[in-house]
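Asks: Chains as they are written, first to last, in this note's numbering: chain A, 1 to 250; chain B, 1 to 232.
Treat each hint with caution, since some may be false.
Computed footprint of chain A on chain B; a stretch qualifies when at least three of its residues, placed anywhere within it, have a C-beta under 8 Å from a C-beta of chain A [claimed, not checked]: (1) 34-46; (2) 53-61; (3) 157-169; (4) 196-206.
Derived by calculation from the structure, the hints in this document are not laboratory data.
Just so you know, even glycine gets a beta-carbon here, dropped at the ideal spot from N, CA and C.
In case you want the letters, here they are:
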Amino acid sequence: MGADGAVVTGFSEALVYLNDPLNWTRPGGILELLGEHLAISAVAVLAAFVFAFPVGVALGTSGRGSGSVVVLSNVSRAVPTLALLTLFAVSPIGFGNEATTIALAVFAFPPILTNTYVGFRGVDADIREAARGMGMSRWQVIGRVELPQALPLVTTGVRTAAVQVIATAGLAALVGGGGLGRIVTLGFGQQDYGQILAGAFLIAALALLVELLLVILSWAATPGPRRLPFTPARGRTVTEPEPTAAGMPL
Amino acid sequence: MLSADAGRVLAADAAPNPWFDGSYVVDNWDTIMGYLGEHVRLTVGAVLLGSLIALPLALLARRSGVLGGAVLGLSTIVYTIPSLAMFAFVFPLTGLSATTVLIGLTAYSLVILVRNFLVGLQGVPADVQEAARGMGYGNARRFVQIELPLALPAFMAGLRIATVSTIALTTVGVLVGHGGLGQLIYGGFNANFYRAEIVTGAVACVVLALLADLLLAGLERVLTPWARTARS
């Protein structure tokens, strides 16, 4: 069988698979797996945010701990997501959605922490000083002055973490977890090109959709003058590489 | 034996399953080295291929704003595609082979590298370019002698990120049976949750990534002697 033939039949089989309503609605079908995928991801990102955001704010406003944040974000990039998922799956928690969620939350922690930290540390000291001089309390300064300025980076951190988590959640199926990755691993088990491609397409589409949605959301949530998402910044001189805190593909 | 209720434990649980076992590493040294070799080959191949494609792309993208926007937009999309989906997309083309993994990894490293290469090239000050042109430097000579050294820190930053994330991503190649050290992680899971094998694979991956990062950091220091004297 030629490679080209396999690709063509694979794609047409994938279309057939995706066009079958039963594949979507049956128990264990696409809709159920999608729901599972989104639920796991949402809980993981939320949990990571609850832990990472206060730490990021505390470190960023005090300006301490930059070394440990950098080390954490660098080391976390070197840890394979598959390893993390597998380690939690063979821990006493046992494999399943619980272990997957915890592994993903651990995984979402560094990008949220790093971006929150960078966002709060980047607030102009003069502005902070002026706010304090106007009689604002420490909490008012953080909530009303620093947070609006740090918000773009905080939302970037959450978006990065969310897209990474959605993408990684697909890998959970390799180690006994649920979610859309099931379709791909099941396809490999059955040597079914169509199902493999359909699953891959669904996961990729979900990741891209979530990215798109969160870019628009963070654009809407950012106060002050802003440029439309997806338009290149004009007049901005590029002096440093892409923020590495944005993490890695999964 | 150790606890009073050991008799009530199922036979499957009774066998010790330590997190790390030195004898596993010794007994399976050749297997581990084999997977390590595959891991390194895949990583080096993907980063090298990625660099070879990324450099001309970055040079082209610098020429025109439209092309630059297209390259960056496309790279964002590729970056967002999960690795599981990426390998599954390539799988019908090349089957259960290391080539499938190599193609997927190259796509990711290419995306990281093209961004950093572009940033590095754009960071070369315009007046330096102008001065070089005024001194009679041709395009090729200007690139090698002026732009490359000035863009080197951004290039090396890109290479380091690409290498470290490629090493981590290679493990996902288990999907098609060529995940390097990922085979240990996945194999251990399937061998009745054999923790020693899983931990060995995971730790080896992290150590490999950190070593590669250190190596590239050292290379950057050697290649940019001027940065060292300026800093001290």
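Asks: Which of the listed hints are not met by the structure?
Replies: 1 and 2
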